[in-house]
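There are 2 protein chains.
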Amino acid sequence: MYELHEREVLEKLRELDTKRVLIQTPEGLKREAQFLAEFLEENGIESLISGDINYGACDPADREAKMLGCDALIHLGHSYMVLNLEVPTIFIPAFAKVDVIKALSKNMSEIRKLGKRIALVTTVQHIKDLNKAKEFLENEGFEVRIGRGDGRVSFPGQVLGCNFSAAKVEADGILFIGAGYFHPIGVALATKKPTLAINPYSGDAIWMDKEAERWIRKRWAQIAKAYDAEKFGVITSTKKGQLRLGEARRVVKLLKEHGKKAQLIVMNHINYQALEGFDFDAYVVVACPRVPIDDVENWRKPVLTPRELEILLGLREDYEFDEIIGGKRERDEPMGVNLKLPKSL
Amino acid sequence: MYELHEREVLEKLRELDTKRVLIQTPEGLKREAQFLAEFLEENGIESLISGDINYGACDPADREAKMLGCDALIHLGHSYMVLNLEVPTIFIPAFAKVDVIKALSKNMSEIRKLGKRIALVTTVQHIKDLNKAKEFLENEGFEVRIGRGDGRVSFPGQVLGCNFSAAKVEADGILFIGAGYFHPIGVALATKKPTLAINPYSGDAIWMDKEAERWIRKRWAQIAKAYDAEKFGVITSTKKGQLRLGEARRVVKLLKEHGKKAQLIVMNHINYQALEGFDFDAYVVVACPRVPIDDVENWRKPVLTPRELEILLGLREDYEFDEIIGGKRERDEPMGVNLKLPKSL
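Quick mapping for you: the protein sequence lines, in order, are chains A and B. Going by the working numbering, 35 is the number at position 35 of the first sequence; the sequence numbering is gapless. Going by the working numbering, 134 is the number at position 134 of the second sequence; the sequence numbering is gapless.
Chain A on its own, in the form it takes in the complex (with noise of 0.2 Å):
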């Protein structure tokens, strides 16, 4: 399912003149991380595997490369994200290998439900196939519009769990093609469109619409289950793609205004288990914006974004998800191996 450029690699590094190489990579591709740090020793650089779970270019582990004396980084699975890196990285994002348009064809009648003017997208596993999806579906009569998505995202139509930018065209509907249900529900909540989400892997479509509202309503009943809490935890994490300082001194901020007690908890893999004996009675979590989410059933305590915080306060009524923006992005990245040196380089 993974193809691995191993002499592309090889290559890139040589012209560094890398001596030892650090490689990173999600839970899925440890074998291939294996695999490259045997081919790479065999070819004379010494490479030591990160151990820390990865989930995604948020979190590059350029600072403890640099720790470890390692002339590079290599993160497998994930393109590049704007950040201020220490050494030389190297990303190498994860394509899927699966017939997506088997999976559009099999749900056609449903994908005309969406209307005539699609916006089409997806996460980077599939995004070459994404131009392929267009030309099918424009031959089915669709006006397909790919957004271009602002500087956090690499290629044109790509989503992340923090990221919907690519979504936001003008469109009856949203056409996600891809596996789980976080980043097709974030992209029903930030467009409020007609969302239909494509897996490639079993075929299936589902409309998000139902599961967004679902959705909401869990976190309207978090929301509530704030309205006593008087101490706030306000959370941030180190991991360089998440670290949103500037937010969680505003949320603290703002919660001292409205006569909250406020503390700023800064830590790298955000988990209930490690704030238990803290005496907070609720918590924002202003990171990646999946945390407060997707793990919601371990908290003991409430656990809010900073949006749903808003809400609490007063100072919004709609519910709105906790997206991360990106800057304007000036091109988009090549699409398989590539380099991203330091500023300083």
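Where hints are given, some of them may not hold.
Stated by the list, open to error - Cβ-Cβ distance ranges computed for the label pairs, FRET-style: (1) A:35 <-> B:273: 18 to 26 Å; (2) A:106 <-> B:277: 27 to 35 Å; (3) B:273 <-> A:180: 15 to 23 Å; (4) A:11 <-> B:277: 53 to 61 Å; (5) B:256 <-> A:11: 23 to 31 Å; (6) A:42 <-> B:314: 20 to 28 Å; (7) B:317 <-> A:344: 35 to 43 Å; (8) A:98 <-> B:19: 48 to 56 Å; (9) B:201 <-> A:98: 58 to 66 Å; (10) A:320 <-> B:230: 47 to 55 Å.
I should point out that these hints are in silico values taken from the structure, not numbers from a laboratory. Small disclaimer: the values here were computed from a predicted structure and weren't measured. Beta carbons: idealized from backbone N, C-alpha and C, even for Gly.
Got chain A sorted already, so can you dock chain B onto it with the hints?
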């Protein structure tokens, strides 16, 4: 149980002209950390609390403090360890308020079994009571030795889970004052002398020799389980005082010289869960020696210390504890609030 010298801390922070500080705390002092943060904020110093679980001075959050724009770090609960810090750091050890003499008096008949010349050791919690205990025992007719220890510890007579240098003095037996099993077992293993552990909270006295034997049998079982292993993951930690990169590379080299496959893994909080999915037959943990021992039940693969690996490879016959040795200690640390500056200041 814990005295917090918040005014002294405030003064030191003001001397440093601190605008923003990060506070790091072990599990048991979370409320104190919150209290301190609140006190400092009332006095005009923005205070962030680290939510990452902290186990020792080997894991200072100085890098994180720097990244967060903090002028200083407060490390609660542990005494200073010689490390190259990146921001001025205030160490505030936790001293227990418990009567150690009462527990000693109660167990005189057991203590006498140690012999006439005894070495006295403890953890930082009871270090302030060590001289009182020495005097008491001398009045009871003992010749009491308190080892100076090396540069990894801060005080004479102090032992850590990874360093028993203060126990290595001429003596018939060792008297350990403190709670828990890990430290006194380490003392027994590192000194190979009769070791009596007196818990000042419960008043219990436990001979560690049988415990140590049972413990060694368990470790031999781990070694045996790894006999057929071909592929080894050699793990070190990015925690500043646990990063034993030289030793880890030595272990990788050793394994390769013995015809095994070996790869170097680096991670922050070492735990088996994060390693699941890698294709290794066994692991060697070259970081905190407690990790492969305390947590062994959670590992589905054999996990060894570097010295246990040497036994496996036939390079060592006797069991030896994996200590982390320090350099020479120039002078003892002050007993209370203790400011350490980066070398560059």
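Discussion item. Just to be sure I understand the hint, the distance between the Cβ atoms of residue 11 (chain A) and residue 277 (chain B) should be within 53 to 61 Å; is that true here?
Written reply: Given range 53 to 61 Å: violated, Cβ gap about 28 Å.
Discussion item. Just to be sure I understand the hint, the distance between the Cβ atoms of residue 273 (chain B) and residue 180 (chain A) should be within 15 to 23 Å; is that true here?
Written reply: For residue 273 (chain B) and residue 180 (chain A) the Cβ distance comes to about 21 Å; the hint holds.
Practice prompt. Note whether the CB distance of residue 106 (chain A) and residue 277 (chain B) lies within 27 to 35 Å or breaks it.
Written response: Distance hint for residue 106 (chain A), residue 277 (chain B) holds at roughly 32 Å.
Worksheet entry | 23 to 31 Å as the expected CB spacing between residue 11 (chain A) and residue 256 (chain B), which holds or is violated | 25 Å, holds
Worksheet entry | Distance restraint hint 48 to 56 Å, applied to the beta-carbon atoms of residue 98 (chain A) and residue 19 (chain B) | About 52 Å separates the Cβ atoms of residue 98 (chain A) and residue 19 (chain B), which means 48 to 56 Å holds.
Worksheet item: Regarding residue 320 (chain A) and residue 230 (chain B), is the given constraint of 47 to 55 Å on their beta-carbon distance met?
Response: 54 Å, holds
Worksheet item: Would you say the C-beta atoms of residue 317 (chain B) and residue 344 (chain A) sit inside 35 to 43 Å of each other?
Response: Violated, since residue 317 (chain B) and residue 344 (chain A) (Cβ atoms, about 52 Å apart) do not stay within the stated range.
Worksheet item: Is 20 to 28 Å a correct range for the gap between the Cβ atoms of residue 42 (chain A) and residue 314 (chain B)?
Response: 27 Å, holds
Discussion item. The hint says 18 to 26 Å between residue 35 (chain A) and residue 273 (chain B); measuring C-beta to C-beta, is that right?
Written reply: 22 Å, holds
Worksheet item: Do residue 201 (chain B) and residue 98 (chain A) keep their Cβ atoms within the hinted range of 58 to 66 Å?
Response: 60 Å, holds
Of the numbered hints given earlier, the model fails hints 4, 7; all others are met.
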